[in-house]
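Peer 1: Counting in our numbering, the sequence shown tops out at residue 443, every number present.
Among the clues, some could well be false.
[What the hints assert, rightly or not] Each computed DSS-like pair below joins lysine-lysine, with the alpha-carbon atoms no more than 30 Å apart:
1. Lys380 - Lys289
2. Lys409 - Lys316
3. Lys338 - Lys350
4. Lys413 - Lys367
5. Lys422 - Lys409
6. Lys338 - Lys384
7. Lys422 - Lys289
8. Lys380 - Lys333
9. Lys359 - Lys326
10. Lys384 - Lys289
11. Lys359 - Lys333
12. Lys367 - Lys333
13. Lys367 - Lys316
14. Lys350 - Lys333
15. Lys338 - Lys382
16. Lys431 - Lys289
17. Lys289 - Lys409
18. Lys367 - Lys431
19. Lys422 - Lys384
20. Lys326 - Lys316
21. Lys382 - Lys431
22. Lys382 - Lys422
23. Lys409 - Lys431
24. Lys359 - Lys384
[Stated by the list, open to error] Okay, the calculated beta carbon distance ranges per label pair:
25. Met391 - Asp282: 23 to 29 Å
26. Ser309 - Gln390: 39 to 45 Å
27. Gly411 - Lys380: 21 to 27 Å
28. Thr287 - Gln390: 22 to 28 Å
Quick caveat, the hints were computed from the structure, so don't treat them as lab data. By construction, the Cβ of each residue, glycine as well, lies at the ideal position given by its N, Cα and C atoms.
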Amino acid sequence: MPKKLKTKHIYLISGILLVIFLSLIISLTGFRHYNQDSRAQELPLLLNSGLFDCQQATIKYILWTEESGKLSEIEEVLESSGLAWHKQVLSDFSGKKAYKYLNKAIIEKEDEGRALAFYNKLSERTSDLKVRVYFEEKVDAVLEPNCYLEKNKVKIVQTVQMPGIISLCGFHYDLPLTVKAGRKNINIQLVTKNEAGSNRGKTVLAFPALLEEF
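Work out the full structure: start from the sequences and follow the hints.
Peer 2: Okay, here's the thing in structure tokens:
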């Protein structure tokens with residue numbers, strides 16, 4: 230039986246919703262029944278990149294919409310996935326609302342193909358519902374962003390570098406969704422963050438862009 234959505238109401242200042250949209254930013258059982266498709270095989274995720282030795286990663290599926298009239302259809306899709314989704318209702322001071330659905334899990338290397346296939350399937354099934362679908366994978370290791378993107382034939386369209394942080398945005402022909410970075414389309418973002426004075430840090434891979442800070 231599908232698990233019920235858990236709902237939270239969060240009240241934010243109006244600027245936060247705008248920042249979230251403009252920023253460039255699972256249970257494993259639930260997605261094991263989705264077969265790994267050819268697109269998942271084309272683009273390896275972080276654990277299968279061959280660029281570092283990590284055993285586990287944290288993944289997130291995030292859906293974001295302002296269309297209250299589509300909520301029942303969106304939730305029907307999510308409930309049929311067999312995953313546990315957490316729902317948040319976000320409001321600004323003018324009363325404008327946005328709706329966020331989140332699923333989070335820890336995966337291992339052999340799960341990555343199915344995780345990406347599930348993102349592709351979820352994007353396809355919600356394509357007519359006026360909802361944005363985001364995917365994030367995070368590992369506790371530092372990766373050279375250019376190496377991953379160039380190795381996987383991603384066209385780099387934007388680079389941002391700050392002390393301890395590097396963010397690269399690009400376009401890969403096999404990913405289903407895009408967002409705008411300036412005047413260009415992107416569908417992949419890779420961000421690395423170094424801890425000050427050490428070689429330790431984190432890397433996050435996001436499709437089509439990073440929605441939240443990490």
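Peer 1: Would the hint linking Lys367 and Lys316 be met if the CA-CA limit is 30 Å?
Peer 2: holds, 21 Å
Peer 1: Given the hint that Lys380 pairs with Lys333, does the C-alpha gap stay at or below 30 Å?
Peer 2: holds, 27 Å
Peer 1: For the hint 39 to 45 Å, verify it against the beta carbon of Ser309 and that of Gln390.
Peer 2: holds, 42 Å
Peer 1: Does the Cβ-Cβ separation between Thr287 and Gln390 fall within 22 to 28 Å?
Peer 2: holds, 24 Å
Peer 1: Is the hinted pair Lys338 and Lys382 satisfied, with a Cα-Cα distance of at most 30 Å?
Peer 2: With Cα atoms ~21 Å apart, Lys338 and Lys382 stay inside 30 Å; holds.
Peer 1: Just to be careful, I want the Cα atoms of Lys422 and Lys409 compared with a cutoff of 30 Å; is the pair within it?
Peer 2: The given pair, whose Cα atoms are some 23 Å apart, holds under the 30 Å limit.
Peer 1: Straight-line Cα separation of Lys359 and Lys326 no greater than 30 Å?
Peer 2: holds, 14 Å
Peer 1: Quickly compare the C-alpha distance for Lys422 and Lys384 to 30 Å and report which way the hint goes.
Peer 2: The hint holds at about 22 Å.
Peer 1: CA of Lys289 to CA of Lys409, is that 30 Å or under?
Peer 2: Given that 30 Å is the threshold and the Cα spacing comes to 21 Å, the pair holds.
Peer 1: Holds or violated: Lys367 and Lys431, Cα atoms, limit 30 Å.
Peer 2: holds, 7 Å
Peer 1: So if I understand the rule, the pair passes when the alpha-carbon distance is 30 Å or less; does Lys380 with Lys289 pass?
Peer 2: Holds, at about 24 Å.
Peer 1: Below or equal to 30 Å on CA atoms is what counts here, so check Lys338 against Lys350.
Peer 2: With Cα atoms ~20 Å apart, Lys338 and Lys350 stay inside 30 Å; holds.
Hint compliance for this structure: every hint is met.
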